[in-house]
Amino acid sequence: MPPDLQADIEAVAEQVFAALADPSRRDILAALASGGPATATDLAARLPITRQAIAKHLALLTEAGLVTAEPGERRRIRYRLRSAPMKVAQQFLAALARDWDSPLDALKEHLDRGA
Amino acid sequence: MGFPDRIERTVALAHPPARVWAALTTAEGLAAWFGEEADIDLRPGGAARMRWASGYSVEMRVERVEEPAVFGFTWQIEELPDDDPRRTYVEFTLEPDGAGTRLTVVETGFAQLPEDAYRKVYDGHTQGWASELGELATYLDAA
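Chains as they are written, first to last, in the numbering used here: chain A, 1 to 115; chain B, 1 to 143.
Only chain A is shown next, with the shape it has when bound in the complex (with noise of 0.2 angstroms):
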């Protein structure tokens, strides 16, 4: 993979795991993906969380390209999930679990080859 690549799925990647971080942006992420978008106030009914916290919360995904607010008046702005930086976590998820799964993998062959 070109050093450039690299670097960006590593920037992505930071951003998505600093936004997963905290608990109250998991549970607004989760709300988005399993309901669907949804506004801020919305939100703010499901979830424990008041609406300073959410606004904040939205600044905050909308920045790390997490959600994508859909044009519209602003109380009215429905906030939707995105996905390809989630993809891009996992595959940097996928390239470490890589690295780990080898010398097991290792192991594991000199094991049974020893048995």
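Please note that a few of the clues may not be correct.
Within a straight-line C-alpha distance of at most 25 angstroms, the following computed SDA-like cross-link-like pairs (lysine to any residue) qualify [stated by the list, open to error]:
(1) 120/B x 60/A
(2) 108/A x 89/A
(3) 120/B x 75/B
(4) 120/B x 41/A
(5) 120/B x 20/A
(6) 120/B x 78/A
Hints are computed from structural coordinates only; laboratory data are not their basis.
Chain B: place on chain A using the hints.
Relative to the frame of chain A, chain B by itself:
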């Protein structure tokens, strides 16, 4: 009612009080670390407001302006209707601390909240001040 009325939090910032004061009391400062847009009429009784892209906004009223040591305002309580007269009071105290600033925020008035809104607002603001003061430090460090 038996629930706590106040939240208090102190942070050490590596910037002098004048810089912290500007971050807390100017529209440019507030919009950079707290709201996404802000305006403020910095005098006791002056109006201030912060807005976010999702449509949420909060109305504030400036109460104390003692540059560069004390800044206080009241603001609306999120879970109550916009025209509800109940507000909480937020006071920032800035003390020189070497080359930096020891910043204390105290928010009071939670005991007047109805029981069903209390937990959400009190917990929300407790977490909120932890993250906001972190964002303030990040903003000051980056600027």
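For this session: Hint by hint, work out which the structure violates, then give me just those numbers in ascending order.
Result: 2
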